[in-house]
Amino acid sequence: MKKFLTGNEAVARGAYEAGVTFASAYPGTPSTEILENIAPYKEYMYSEWAPNEKVALETAIGASIAGARALAAMKHVGVNVAADPLFTYSYTGVNGGLVLVSADDPGMHSSQNEQDNRYYAKFSKVAMVEPSDSQEAKDFVKTALEISEKYDTPVLLRLTTRICHSKTLVELGEREEVGIKTYKKNIPKYVATPANARVLHIKVEERLKQLEKFSNETDLNKIEWNDSKIGIVTSGIAYQYAKEVFGDDASYLKLGFTHPLPMKKIKEFADKVEILYVIEELEPYMEEQMKAAGIKCIGKESIPRIGELNPDIIAKAILNEERPIIEYSEDEIVGRPPTLCAGCPHRGFFYMLSKKKNVMITGDIGCYTLGSAQPLSSMDTCICMGASVSAGHGAQKAFEFNKVDKKVIGVIGDSTFFHSGITGLMDIVYNKGNAVTVILDNRITGMTGHQENPGTGYTLQGEKTHAINIPMLCEAIGVKNENIFVINPLNLDACNKAIDDALSREEPAVIITEWPCVLKKLSTEDIEKFGKGKRMICKVDEEKCKACRICTKTGCPAISFDKKAKINEDMCVGCDVCLQACPFDAIIKVGE
Amino acid sequence: MKEVKNILLVGVGGQGIILASKILSQGLISAGYDVKMSEVHGMAQRGGSVTTQVRFGKKVYSPIIGKGQADIVVSFEKMETLRWLDHLKKNGKIVVNDYEIPSAPILVGDAKYPQNLIDILKEKADTTVFKAAEIAKELGNIKTMNVVMLGALTKAMGLTDVDWETIVRSNVKEKFVDMNINALRKGMEQVK
Chain V
743 MKKFLTGNEA VARGAYEAGV TFASAYPGTP STEILENIAP YKEYMYSEWA
793 PNEKVALETA IGASIAGARA LAAMKHVGVN VAADPLFTYS YTGVNGGLVL
843 VSADDPGMHS SQNEQDNRYY AKFSKVAMVE PSDSQEAKDF VKTALEISEK
893 YDTPVLLRLT TRICHSKTLV ELGEREEVGI KTYKKNIPKY VATPANARVL
943 HIKVEERLKQ LEKFSNETDL NKIEWNDSKI GIVTSGIAYQ YAKEVFGDDA
993 SYLKLGFTHP LPMKKIKEFA DKVEILYVIE ELEPYMEEQM KAAGIKCIGK
1043 ESIPRIGELN PDIIAKAILN EERPIIEYSE DEIVGRPPTL CAGCPHRGFF
1093 YMLSKKKNVM ITGDIGCYTL GSAQPLSSMD TCICMGASVS AGHGAQKAFE
1143 FNKVDKKVIG VIGDSTFFHS GITGLMDIVY NKGNAVTVIL DNRITGMTGH
1193 QENPGTGYTL QGEKTHAINI PMLCEAIGVK NENIFVINPL NLDACNKAID
1243 DALSREEPAV IITEWPCVLK KLSTEDIEKF GKGKRMICKV DEEKCKACRI
1293 CTKTGCPAIS FDKKAKINED MCVGCDVCLQ ACPFDAIIKV GE
Chain C
66 MKEVKNILLV GVGGQGIILA SKILSQGLIS AGYDVKMSEV HGMAQRGGSV
116 TTQVRFGKKV YSPIIGKGQA DIVVSFEKME TLRWLDHLKK NGKIVVNDYE
166 IPSAPILVGD AKYPQNLIDI LKEKADTTVF KAAEIAKELG NIKTMNVVML
216 GALTKAMGLT DVDWETIVRS NVKEKFVDMN INALRKGMEQ VK
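Quick mapping for you: the protein sequence lines, in order, are chains V and C. Under our numbering, the first residue of the first sequence carries the number 743, and numbering increases by one thereafter. Under our numbering, the first residue of the second sequence carries the number 66, and numbering increases by one thereafter.
Please keep in mind that the hints were generated in silico from the structure rather than gathered at the bench. There could be a bad hint or two in this list.
Just some of the chain V residues that point at chain C, by a computed CB distance under 7 angstroms [said to hold, decoys possible]:
1) His907
2) Gly1077
3) Gly1273
Mimicking EDC-like on lysine to aspartate or glutamate, the simulated pairs with C-alpha atoms at most 20 angstroms apart in a straight line are [what the hints assert, rightly or not]:
4) V/Lys1058 to C/Asp151
5) C/Lys132 to V/Glu1311
6) C/Lys189 to V/Asp1243
7) V/Lys1206 to V/Glu1270
8) V/Lys964 to V/Asp991
9) C/Lys202 to V/Glu1050
10) C/Lys87 to V/Glu913
11) C/Lys154 to V/Glu1069
Just so you know, even glycine gets a beta-carbon here, dropped at the ideal spot from N, CA and C.
Sequences are here, hints too, so could you generate the full structure?
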């Protein structure tokens, strides 16, 4: 049977068919839907959200050592977080097969950098497969697990946004129950002390030689002979783009197994074509190794290393072909930047924060990164998950030590706090820091589309569980109770008071803003705690409106301005932040 | 390879574009085509510009449509048509919903919503304009706007070898089936 699946859905199906019984991930675009689609296979696979990618990989490693086929999934930057266990699990090797899915984001559709994670396979010396459509995404999961078990290596399955989020037809197969391998205590293999690791490193180098032999022999790396004038070495989505441009006018060496590279096969291919191109997205990963092996080829001198690749870029770069396009003036088009939703609980807090003078606001990765956009502009930095708290601490210490009179406030979401914010807060407490930490707790992982986290009270597979109490957690690591302010962020006075109070403390202080994401499907616990309000909306009393535009400074997408302020009644949810911001009482709340 | 057709659906997050594209793709698959669909995800759902691209034919390689390549741009929001106009083929078609969703810079008064959009579009390409939101509201729910657009698209592309009503029926909740079938028919009627 054929189904129309995204690459992510296909990976989930592949895990099911290949007999995986353990899967873990931390959500991150474009990888999130992999675990969401594994979760429904409850009878066959256990799956969970981990608090971060390092934990996701480590739990998968544990399952693999225990003998189960295991999968961990994350976005490209997540692999940075998980790099520590990855490099050592490469040394020990597996018991049950282990696949690490890295979903890279060329073009940065929703990421802070566009790192090419193929280098992680080379760096950590593990095998790597790169599918070029959903069918391969599904099939390669199984192949990867077989390679993992046969060669005793973790396998990196590298996807990119276009593979993750494009749908193509997939022929489904049956699940193959592989069961669990016997677990045997094996200290020299699984205890990476220096004495053992020195031995293991020798094995890793031997393994790489065997894997290169496999790479040269496997059908995952195949030649498509056409005209021999132009030869193209390519992998992943770049293969599809190359085929789109050259069709049957060129010959291809399509690589599905890309670490180690099949250098012998590449040389044979290179010898039989007149001009050899390497068409790869982002970095010259293959090109560098080919050139180092003395193979003459054209790569990044033509194909850009910045941004997402597409057929147009290839056609222009290599054939100097450009399609005629309709000419028009772009001046007419107004930008459509992402915004915090109407009724977003972060808005009230950011609005009050934006009024504070002489503060540096260190931000983090999540919906609330949008607090950096106009008109709120209440965020100075965004580096990586968790950096708001720790970078905030560093900045505050630097200001203090160098006698600069400036306060620092770090803002972070609930899921991100669990991910890696808490370690930063421990740093603040332990090292007697004085940066204020703000945990914007909207009761869900918002940006990636509402995944449960340790604070929500539910698991990935829908079971009710213990919800971690954030204020108590902060207290437990040493923030004094009187320095913890739990507020409703939709109440502007409460926000203002909490910010001033926290800034006045000489000790570590934490503000926790608690209100569910406006798009969240409320749990019974949410309804108990926050109520399920009647449908109320805000309206502008035009008589009283003095056209001061202060309400538009809250950045609510439901508020527009044309001589007077206007509130879009379809979008408004009655959070009444604008009502509180209005100095002329010109906004009223109406509804049943 | 030239027989591959390219459909570009554009609009704003929340307008139901992705669902419409899924229904469209299913219909095309049922007609025996190879189909690839690509969607832009992520931050786009927070009020941003959203696009899905559907390519179909005997064999499709790239899941994305390049500039100057779309046979049709189906636009759920007026201004988004202009943003994606460079993707339309020289002799391609436009089907546009006469509906405005102001973006953040317009809301705060930093920019004005472009005027004379429809005139500009008509000057550039074969353009069909209608008010899908009003049609959907008359049918009882503004959310059926996406199926109205889908109906118009199938007619404009001449995709008559597909039983769209059956495909729509299997994609919506039972109590909304009639409303959506009507939306599909109304959409088809909009295109000559």
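Now for the hints, and whether the structure bears them out:
Satisfaction of the interface hint for V/His907 is found here, the shortest Cβ-Cβ separation to chain C being roughly 5 angstroms, below the 7 angstroms cut-off. Hint status for V/Gly1077 relative to chain C: holds, with the closest Cβ pair at about 6 angstroms, below 7 angstroms. The criterion of a C-beta within 7 angstroms of any C-beta in chain C is not met by V/Gly1273, whose closest approach is roughly 25 angstroms, and the hint is violated. As the CA atoms of V/Lys1058 and C/Asp151 are separated by approximately 16 angstroms, the hinted pair is consistent with the 20 angstroms bound.
With a CA separation close to 37 angstroms, the supplied pair C/Lys132 and V/Glu1311 exceeds the 20 angstroms bound. Distance hint between C/Lys189 and V/Asp1243 is unfulfilled; the C-alpha atoms sit about 59 angstroms from each other, more than 20 angstroms. Taking the CA atoms of V/Lys1206 and V/Glu1270, the gap is about 16 angstroms. The hint holds against a cut of 20 angstroms. Proximity of V/Lys964 to V/Asp991 is assessed by CA-CA distance (about 17 angstroms); at most 20 angstroms being required, the pair is judged to hold.
With a C-alpha separation of about 39 angstroms, the suggested pair C/Lys202 and V/Glu1050 falls outside the 20 angstroms cut-off, and the hint is violated. This hinted pair checks out: C/Lys87 and V/Glu913 have alpha carbons roughly 18 angstroms apart, not beyond 20 angstroms. For the given pair, C/Lys154 sits about 11 angstroms from V/Glu1069 by alpha-carbon distance, which is consistent with the 20 angstroms threshold.
Comparing the model with each earlier hint shows violations of hints 3, 5, 6 and 9; every other hint is respected.
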